[in-house]
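Visitor: What follows is each chain in one-letter form.
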Amino acid sequence: MNEALTAETVMMKAHDGAEVEAYLARPDGVESFGSVVVIHHLPGYDSATKEITRKFAAHGYAALMPNLYHRDSPGASPDDAAAAARAKGGVPDEQVVGDAGGAAAYLRGLPGSNGKVGVIGYCSGGRQSFLVACSLQFDAAVDCYGGAVVHVPEGAPASMKPLIGMSENLSCPLLGLFGADDQFPTPAETAELSRTLDTFAKPHEFHTFNGAGHAFFSVDRPSYRVEAAVEGWDKIWAFFGQHLAAGE
Amino acid sequence: MCTYSTEHVPATGSGKGADGWFRLSEVSVYFDHPAHALADHTLNLDFINPAKGPSARVAVELTAQTARDLAKAIETALAAAPPGLA
Numbered sequence: 002m003n004e005a006l007t008a009e010t011v012m013m014k015a016h017d018g019a020e021v022e023a024y025l026a027r028p029d030g031v032e033s034f035g036s037v038v039v040i041h042h043l044p045g046y047d048s049a050t051k052e053i054t055r056k057f058a059a060h061g062y063a064a065l066m067p068n069l070y071h072r073d074s075p076g077a078s079p080d081d082a083a084a085a086a087r088a089k090g091g092v093p094d095e096q097v098v099g100d101a102g103g104a105a106a107y108l109r110g111l112p113g114s115n116g117k118v119g120v121i122g123y124c125s126g127g128r129q130s131f132l133v134a135c136s137l138q139f140d141a142a143v144d145c146y147g148g149a150v151v152h153v154p155e156g157a158p159a160s161m162k163p164l165i166g167m168s169e170n171l172s173c174p175l176l177g178l179f180g181a182d183d184q185f186p187t188p189a190e191t192a193e194l195s196r197t198l199d200t201f202a203k204p205h206e207f208h209t210f211n212g213a214g215h216a217f218f219s220v221d222r223p224s225y226r227v228e229a230a231v232e233g234w235d236k237i238w239a240f241f242g243q244h245l246a247a248g249e
Numbered sequence: 250m251c252t253y254s255t256e257h258v259p260a261t262g263s264g265k266g267a268d269g270w271f272r273l274s275e276v277s278v279y280f281d282h283p284a285h286a287l288a289d290h291t292l293n294l295d296f297i298n299p300a301k302g303p304s305a306r307v308a309v310e311l312t313a314q315t316a317r318d319l320a321k322a323i324e325t326a327l328a329a330a331p332p333g334l335a
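Chains as they are written, first to last, in the working numbering: chain A, 2 to 249; chain B, 250 to 335.
Be aware that one or more of the hints could be misleading.
Unchecked claim - Derived CB-CB ranges, DEER-like: (1) A:A181 x B:R272: 43 to 53 Å; (2) A:P223 x B:L319: 19 to 29 Å; (3) A:E232 x B:T312: 23 to 33 Å; (4) A:H152 x B:A335: 38 to 48 Å; (5) A:E232 x B:A260: 41 to 51 Å.
Claimed, not checked - Subject to a maximum C-alpha distance of 30 Å in a straight line, what follows is the list of computed DSSO-like cross-link-like pairs (lysine-lysine): (6) A:K14 x B:K301; (7) B:K265 x B:K321; (8) A:K56 x A:K203; (9) B:K265 x B:K301; (10) A:K51 x A:K89; (11) A:K236 x A:K162; (12) A:K51 x B:K301; (13) A:K89 x A:K162; (14) A:K89 x A:K14; (15) A:K162 x A:K203; (16) A:K89 x B:K301; (17) A:K51 x A:K236; (18) B:K265 x A:K89; (19) A:K162 x A:K14; (20) A:K89 x B:K321.
What the hints contain is simulated information worked out from the structure, not anything from laboratory work.
A virtual CB, placed ideally from N, CA and C, is assigned to each residue, including glycine.
Chain A with its partners taken away, still in its complex shape:
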């Protein structure tokens, strides 16, 4: 693996046929690759999540992150777009599913795609990764500390529903990466989700890191926890390596 890559902004067909902006990173010099849909966190289509998208390409995967806020805020800075989306009550779940499905189709259509596509999301995107994997066919899914899967926090928009009832429909193996000190989701909630997935014989692998809370992967935030993040990335490479069959 030489970590060479190409990254660019593209337009992709999304929910309801809309054209939305997305950030694409592809490995260079790799004949066949698996792909990953990256779902950004609530603060939006930002530089930190673009960096994560490029990281997948450096490890041999094509990765595409749709801008979930593009419809309402084309051309706006990520933080302004995130604020506008929040003021409107957030992005509806059905739009997230449609956008992720559009991103997966885009990735499958890339020359060199091996046809396998995973999905990963962080924070609110972790919840949405589970949502998408329970709604569409994927080959692997990663939920990084997604809250509101088992219980929806007080004050959330009325449209936001818990997702645990969708567990029976999970379409692929799930990797869950959580912090022991996180309150959303709590370790008790992720344990409940694990039990529910066991009930339906859904393959999953959950890791809860001591000394870490929410957003421990975020290198530009005080919540960053280097030990959990490094180990977490190793779990991700092993998991996607197994299920997406990408060259390392």
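Place chain B on chain A using the hints.
Guide: Frame of chain A; chain B shown alone:
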């Protein structure tokens, strides 16, 4: 965590954003991840006018203590105004 909870305050006044002054129509108030402040969570104020687009925004991210101090200071300043003005 992403708190999701947001208070919406209808606003009359003006704010100065990246493109200069504009009329405000609303303030969003929420305690959640900041975009820039070095804290896990902050009290965030978005002074906005959605009719003018997402960039018509004055954003402030305050630690919880600063936010509480500010709330008290606002009440103090209003109480100190001459009768009939505020």
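Visitor: If a hint holds in the structure, say so; if it doesn't, say that too.
Guide: Hints, one by one, checked against the model:
1. A:A181 x B:R272: 43 to 53 Å: holds, 47 Å
2. A:P223 x B:L319: 19 to 29 Å: holds, 21 Å
3. A:E232 x B:T312: 23 to 33 Å: 30 Å Cβ-Cβ, so the 23 to 33 Å window holds.
4. A:H152 x B:A335: 38 to 48 Å: holds, 42 Å
5. A:E232 x B:A260: 41 to 51 Å: Since the Cβ atoms of E232 (chain A) and A260 (chain B) sit about 46 Å apart, the hinted range of 41 to 51 Å holds.
6. A:K14 x B:K301: holds, 27 Å
7. B:K265 x B:K321: Holds, at about 23 Å.
8. A:K56 x A:K203: Judged against 30 Å, a Cα distance of about 28 Å means the pair holds.
9. B:K265 x B:K301: Within the cut-off at roughly 13 Å; holds.
10. A:K51 x A:K89: Since the Cα atoms of K51 (chain A) and K89 (chain A) sit roughly 24 Å apart, the hinted pair holds (cutoff 30 Å).
11. A:K236 x A:K162: Answer holds: K236 (chain A) to K162 (chain A) is near 29 Å, not above 30 Å.
12. A:K51 x B:K301: The given pair, whose Cα atoms are some 28 Å apart, holds under the 30 Å limit.
13. A:K89 x A:K162: holds, 17 Å
14. A:K89 x A:K14: Holds. K89 (chain A) to K14 (chain A) sits at ~23 Å (cutoff 30 Å).
15. A:K162 x A:K203: holds, 21 Å
16. A:K89 x B:K301: Satisfied, since the Cα-Cα distance of roughly 14 Å is no more than 30 Å.
17. A:K51 x A:K236: holds, 20 Å
18. B:K265 x A:K89: The given pair, whose Cα atoms are some 22 Å apart, holds under the 30 Å limit.
19. A:K162 x A:K14: With a Cα-Cα distance of about 26 Å, the restraint between K162 (chain A) and K14 (chain A) holds, given a limit of 30 Å.
20. A:K89 x B:K321: holds, 29 Å
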